[in-house]
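> Residues per chain, in single letters:
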Amino acid sequence: MARLVALFSVVMLSCGACGGGDDGDTPTLRVFAASSLIEVLPDIVAAYGDSNVELNFAGSSALREQILDGAAADIFISASTSVMDGLAAAGAITGDPVAVAANSMVIVVPRGSTDGIDGLAGFAEPQRTIGLCSPGVPCGDLAIALFEAASVDPSVDTYEQNVRALLAKVELGELDAALVYRTDANGSDLVDAIEPEQLQSLRTIYVAAILDGADSGADPFISYLGSPAVREILNDAGFEAP
Amino acid sequence: MIARTRSVAERPTKKLLVAAIAGAALFLLPLVGIVWRIPWGRMPDILSSPIVLDALRVSLVSSLAAAFLSVLLGVPLAWLLSRIEFRGRSVLRAIVTLPMVLPPVVGGAALLFAFGRRGIIGDTLESATGFVLPFSIWGVIVANTFVAMPFLVVTVEGALRSLDGRHESAAATLGADQFTVFRKVSLPMIAPSLRAGVVLAWARALGEFGATITFAGNLQGRTQTLPLAVFVALESDREAAVAISVILIAISFVVLVSLRDRWWSRS
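Residue numbers (my numbering), protein chains in the order written: chain A, 84 to 325; chain B, 99 to 365.
If you are wondering where the hints come from, they were derived from the structure by calculation, not from laboratory data. In this text the structure is predicted, and so the values were computed from the model without any measurement. Check before you lean on any hint, since a few could be wrong.
[Stated by the list, open to error] Here chain B is said to cover these stretches of chain A; the calculated rule only asks that three of the stretch's residues, wherever they fall, bring their Cβ under 8 angstroms from a Cβ of chain B:
1) 230-243
2) 254-264
3) 267-276
4) 295-302
For glycine and all other residues, C-beta sits at the position ideal for the given N, C-alpha and C.
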C-alpha cells in the first residue's frame with residue numbers, strides 16, 4: 084500500500100508541468116475559438132509571436148456553454164454574431180465584439196463524385212445521403228437560413244455537431260453532399276466544392292470579444308486580430324472581409 | 099454491522115471506511131449534481147416532447163436489439179474462446195475485448211472503414227443488396243453491439259472456464275453431441291452469469307454515444323438515441339439535457355438495482 088501511494092505521488096509530481104504555463108512570468112492567454120478556425124488561427128498566433136497563447140477549438144455554441152459554466156478563457160472568437168449576443172446578454176464579455184472575418188457556404192461532395200448535385204434543390208432528393216450542421220450551431224443556422232431563402236426542404240440524414248465532423252463524413256464518402264464553410268472546403272484535398280450563386284446571399288460574421296475577468300494580454304491580441312497582417316492570413320485561407 | 103466492525107482491529111477498518119466513502123462520493127456527487135439541476139417545472143413538457151419520445155424509442159429498440167445480438171453471437175464466441183484450443187486464441191480474445199478499452203469514437207471510425215459505404219465490405223454490401231448501415235437504425239444497432247458484446251463475452255467465457263468439466267463429460271459419455279451438451283448442460287449451469295452478461299451488455303448499449311454518433315450519425319427519430327439527444331441539448335437547452343439525463347439514469351438505475359438482487363446474488 085505504501086509503495087502504491089509512493090508510486091502515485093511520483094506520477095503526480097513528475098506531472099508538475101501538466102498544469103500549463105501558469106507558473107511562468109507571462110500569463111497564458113486562453114483563446115476559445117470556433118472549430119472552423121482550426122486551420123487558420125494557429126498561423127495567426129504564430130505570426131503574433133507570443134508563445135503563451137493557448138487555443139481551444141469547438142463548435143461556437145459548445146464554447147458559449149463552457150464559458151457560461153465558468154470555463155477559464157480570455158478571448159472568444161465565435162462563428163456567428165448570435166452566439167456572441169447570447170454571451171453579451173449574460174454579461175460575460177467586456178467591451179464590444181470586433182468583427183474579424185466573414186465566411187460563406189459551399190456544397191461539398193467527395194472528391195471525384197459524379198453525383199452532379201448543382202444547387203440546394205438537390206438536398207431535397209431523398210435518395211441522396213446528406214448532412215448538415217445541427218440547428219443552434221452557427222454553420223447549422225446559416226444552412227437552414229439558406230434553405231429557407233431558397234424555399235427548399237432538405238431531406239437530411241444526419242445533423243453533425245460541428246462543421247469539422249460534417250466535413251469528415253463527406254471526406255470519408257459516407258455523405259453524398261453537405262453544406263460547409265468555403266474555408267473548410269478549401270482546406271480539404273478529399274472534397275470537391277460547388278458554389279452556386281444562391282449560396283452567396285447569406286454569410287456568417289466571425290466576432291471576437293474579451294471575456295469578463297480576462298488577462299490584460301487580451302487587449303493587444305484583439306487589436307492584432309483587426310490588423311492588416313491578420314486580414315492577409317485570413318484572405319489566404321479563403322475568409323472574406325467582414 | 100457496527101458491532102461487527104468494532105470486534106476487529108479498529109484502525110485499519112477506519113482507513114478502509116474513509117477510502118470507501120471517498121470512493122462512493124466520486125459516484126454519488128455527480129448524481130446529486132444532476133438531481134440538483136432538475137428543472138421540475140419543465141419536466142412534464144420536456145419528457146413528453148417529440149425529441150425525447152423519439153430518442154427513447156430509438157434507444158430502447160437499439161439497446162435491446164444489441165443485447166439480443168450479443169447473446170446470439172457472443173455466447174458462441176465465449177464457447178469458442180473457452181472450449182476450443184487453437185492457435186491465436188489469446189489474440190482473438192484480445193481483439194474481442196478491445197472495444198472495452200478503445201475510445202468509442204475510434205470504434206465508430208473503425209466501423210465506418212469496415213461497414214461504411216466506402217468500407218471494406220460496406221461497399222460490396224451496398225452494391226449487392228442496397229443495404230446501407232451508416233445513418234440508419236441498423237448502424238446504431240451495430241455500433242451498440244460492437245461496444246456492448248465484449249461485456250457479455252467476458253462474463254460468459256469466465257463462467258464457462260470456471261465450470262467443472264465433470265457434468266459435460268458425463269453427458270458426453272451418455273451419448274449427447276457437443277451442441278446438446280452445451281445447450282442442455284453448460285448453458286443452464288452458467289445461467290446467472292449469462293443473465294448478468296446480458297444486463298451489462300444492454301446497459302452499455304443504452305449509454306453508448308461515441309461509436310453511434312461517428313458511425314450512425316445523428317437524426318431525430320432515426321438514429322438519435324437518448325445520449326445523443328443529451329449531447330445536442332447540452333449546447334442548446336441545458337435544462338432539457340438534464341431532464342433527458344435523468345430518464346437515462348432512472349431507467350438504468352431501476353434495471354440494475356432490481357436485476358442485481360434477483361439475479362446476480364443467486365450464483
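> For each hint given before, does the structure comply? Return the numbers of the non-compliant ones in rising order.
3 and 4
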